[in-house]
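Peer 1: Protein chains in written order, with my numbering: chain E, 35 to 204; chain F, 160 to 970.
For the record, the hints were derived by calculation from the structure and aren't laboratory data. Be a bit skeptical, because a hint or two may be false.
Chain F is nowhere near these chain E residues, computed Cβ spacing over 10 Å in every case [unchecked claim]: (1) 49; (2) 52; (3) 62; (4) 65; (5) 85; (6) 100; (7) 102; (8) 116; (9) 163; (10) 201.
Over the 12 Å line for every Cβ pair with chain F, so calculated as not near, a few chain E residues [unchecked claim]: (11) 63; (12) 101; (13) 112; (14) 115; (15) 160; (16) 168; (17) 175.
Once the Cα atoms are required to be at most 25 Å apart in a straight line, the calculated SDA-like pairs of lysine to any residue come out as [claimed, not checked]: (18) F:884 / F:225; (19) F:884 / E:174; (20) F:941 / F:908; (21) F:884 / E:170; (22) F:829 / F:942; (23) E:199 / F:965; (24) E:199 / F:197; (25) F:829 / E:178; (26) F:829 / E:170; (27) F:494 / F:363; (28) F:884 / E:89; (29) F:741 / F:675.
Ideal Cβ positions, reconstructed from N, Cα and C, are used throughout, including at glycine.
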Amino acid sequence: MNAHAGKSTAASHTIAITLEVNGRQHALTVEPRYTLADVLRDELGLTGLHLGCEQGVCGACTVHIDGQAAVSCLVLAVEAQGADIRTVESLAAPGGALSPLQQAFLDHGAFQCGFCTPGFLMVGQQLIDQGLARDRDTVRAGLSGNICRCTGYEPIIDAILSVTKMERAA
Amino acid sequence: MSTCGTGGALWTAADAASRDDEADLGQTDPFVYNSDGIALLTGRGAYIADLRLPGMLDAAFSRSPIARGRIKGIDRSAALECDGVQFIATGVDIREGVPKTLPRASMVLHASEHAPEQFMLPSYHLLPPDAVHYEGEAVAVVVASNRYLAEDAMEALSIDYEEQVPVLDPELSLAPGCDQLFDDVPGNMALEGRFGSKEEAGTAFSGAHLLMERRYRMNRSGNPPLEALGVVAQYENRRLTVWSTIQRPQILRIALSDILDIPASRVRVIAPQNIGGGFGWKSPMYRETAVIAWLAMKLGRPVRWIEDRTEALKKGVHERDQIWDMKAAFDANGKLLALQSEVIADVGSVLVDMYGLLPSRMSATLPFPYEIPWMRTHLRCAVTNKAPMGVNRPAGRMPAVWAIERLMDDAARELGLSPTQIRMANFVRSFPYTSALGATLTDSDYIGTTQKLMEVFRFEERRSQATQLRAQGRRVGVGMAACVEVCRPLCSFGGALFYNQPQYAAVTLRMYPDGSVSIMSGDAPQGQMRHTTMAKIVARELGADAQAIEVYTGDTLLSPVTNSNTDVTSVCAIAARRLRKKVIAVAAHLLKVQPDEGNFVCRDALLTYTPDGRTLTFREIAWTAIMRPFLLPEGSTPDLQETTYLEAPYAPTSFAAHAAMVEVDEAAGKIRILSYGFVGDCGKVINPMGLRTAISAGIATGISNTTHEAYIYDDNGQLVTSNLKDYAMLTAGEMPHELIIDHHDTPTPATVYGHKRTITEGVPAGVPPAIANAIIDAFGGKMDLTVIPLFPGELWRHARQSASESQEAKA
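All chains, full assembly: derive it from the sequences and hints.
Peer 2: Following this line, the structure appears as structure tokens:
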């Protein structure tokens, strides 16, 4: 949504906030009701996260807030002030090189339409970072908040586990 | 056999002769899994909701809170006072601007000798001026400067309804005396079709060794994609451009032109490069799409509508929802001699073009993989006050597969046969085979495919294992199912049976002066990696540099008229071979040799004249042809472009065999799928990893539709499962603990590489009966299961009943 369009009335009064996203500070003026997802997509142009349900169920809008995966459709932008927010756009290296997990998704055929993929990448990365991607069962449990209709999950699980295996080997 | 008439035969004998028999296609030369992948993995996909246009407004629809009633009045005064509101339109307003009703002739079934059955589609306006027919039906539209404000104003609309008692049961809907829901649908019957054997059954039933009369039911479910609908429309200089999450952009252009009464030449439909899944659900022209286009024309500003999930679930289209009453005659060996099916399909209310009837039509005429000497199916489609029916993967045939595959197991049990024995006794063995219902089965090996499944799944060993585990008190069972996969009809005659639309594939290839190539396909991929497929095939057949090929899809202005989800592989191969000839002709002139194709090798944008080893780059050739045409012989045109149309000689069919080993958790009423086996026949495999991923997804949808994913209406016609928590799609933890996927391929001569189209589309159909048959086996055959989805509560009741019966038996 174009969040600037609202007139300043009781229904749409605005608040100045600062968001730290992918290591950069952004000064924004938002309505208190704007979700973090809408602000990231519409104000900052970070359209990598997708809105599959806006009900906190599908996980396609997952971002990291202070290192924790969170569905950005259920977080208000004003709540996210002062937090370190990371989106899918932050995973690849600045030069464009894919992260190990992104590469593993490509190598394992872990996506088709790509709509849910940013959410799975953000959750998968957290599972890896926190040592929770130990085996198929822990990965399955960790992915239970994300829905995919194109892969049947198996290739996604394979991709995540392959990164754990690679890190153990290293 | 349903072959294409010669008039439509765009596939030539020469093309068939150059059919590619290389064994290594896609194996030793593996596909880059997905050339679009980098964008999708790094958050740079281009989906409809990512599109921004200057001055764009957002629309929100007000939807009916009741299942059936009259609209008495709409008071928009408070809504018009809301912040940012630009415009509000009701059904009455829009009717003034757009008097035509839906569905348009351009979007309905061919009323022709090919579709002999009677059908009556309810006609309706873009928005209803006077009556609502299901909960969630769009009633009014608000346009505001952003979506938050549009939704605020929508809530300020005051709509007065006079509620009527909804008709929700399809059998009651068709019964005499029921209220007629639409003036133009007498008896609430949208379609009645009789298919099958012309002669009478004779003594087939009366003399049968075993006569089975069973009712199998598959309730309302579907396969909605994760991305809901989206539309952005712009009207500039009398040209209408509509970006839409549409699977069939070419058909949408025709329909919009028709309903809005502007020439098709001024309508451009663009399906975005990335669509977040389709599964048939994005095929129809939903009325909202036309409303948004009309608003853009009316307001002179771009208008956008991004559907939310509750709208997507309430609006439809839904699927499955059929009742199959089967009467079947078997002989002592398990041979099915005669099968009479009475089918009632609940098609909901305001049907979205011909897609409303297509699932039932497909299901009722699905050829089973069995040779059934006498077969008749009587289909009746009932309108009810529910969301409209429409195609959802696997496009209609799921209830039919559910019924026949449950019937086979039920009969086997009666006759003391194993699930495999009864199927082997009935499988079609020689091809082509024309089913009594009309469709022709081709290029398959049902016995071989099933035997392969038996091997890789170790079916009999698992059956014994399950018996032993049951003796130890565990509820473990093993079941199977088999199903034909009717590929997308690749020729228009076959398509005319169900579709209003052509089935040929078409593509334009254009080489630029630098030797790079754009592929312009009318297809609108929704995640099938067709961009990758097309680029790969063209690079291979033309000898172009894969890195310099760009694939454009879904834009009606760029591509030739075609359908979508067609055989893009074959059409790209043929177009590339034809363009290669043109490249060679120019090169031959430059090299002053004869254009004998056998003397040229093209690879990575470099042409080699093999007799003397001289080379020319594609850039040198294309630059001459396009920029310096005066160097070419008199009469040459600077033409390094090729548009190819492709009609296959017939529609090949696929087949798959499924097996499941499940354990029932009686206390929770849940199942754990210990192992799932799938062996499919998809002709030659082109992209092995992509195929595996798509099959695994099909199995997931099948499980989801079996265990909990469902549209459930309450007694007032309110959709209970109207968010993704309640409309529960399968998550990772519910996938089988083990997945065994294999192939037994029978290549078809109907396509360039021997591949069959869309085997994976049909995968979900085989899953529910395989799982249900396994659950029944887990109870040692001492339970009946005829209705799915099977919710935990229902399975828990089955388990309780079974436990009390076995207690009684002991007592």
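Peer 1: All hints are to be evaluated individually against the structure, with a verdict given for each.
Peer 2: These are the hints, each one checked on the structure:
no.: 1; hint: 49; result: holds (15 Å)
no.: 2; hint: 52; result: holds (22 Å)
no.: 3; hint: 62; result: holds (15 Å)
no.: 4; hint: 65; result: violated (7 Å)
no.: 5; hint: 85; result: violated (7 Å)
no.: 6; hint: 100; result: holds (20 Å)
no.: 7; hint: 102; result: holds (19 Å)
no.: 8; hint: 116; result: holds (24 Å)
no.: 9; hint: 163; result: holds (18 Å)
no.: 10; hint: 201; result: holds (19 Å)
no.: 11; hint: 63; result: holds (14 Å)
no.: 12; hint: 101; result: holds (19 Å)
no.: 13; hint: 112; result: holds (14 Å)
no.: 14; hint: 115; result: holds (20 Å)
no.: 15; hint: 160; result: holds (15 Å)
no.: 16; hint: 168; result: holds (15 Å)
no.: 17; hint: 175; result: violated (6 Å)
no.: 18; hint: F:884 / F:225; result: holds (22 Å)
no.: 19; hint: F:884 / E:174; result: holds (18 Å)
no.: 20; hint: F:941 / F:908; result: violated (46 Å)
no.: 21; hint: F:884 / E:170; result: holds (24 Å)
no.: 22; hint: F:829 / F:942; result: holds (15 Å)
no.: 23; hint: E:199 / F:965; result: violated (49 Å)
no.: 24; hint: E:199 / F:197; result: holds (23 Å)
no.: 25; hint: F:829 / E:178; result: holds (17 Å)
no.: 26; hint: F:829 / E:170; result: holds (20 Å)
no.: 27; hint: F:494 / F:363; result: holds (12 Å)
no.: 28; hint: F:884 / E:89; result: holds (8 Å)
no.: 29; hint: F:741 / F:675; result: holds (15 Å)
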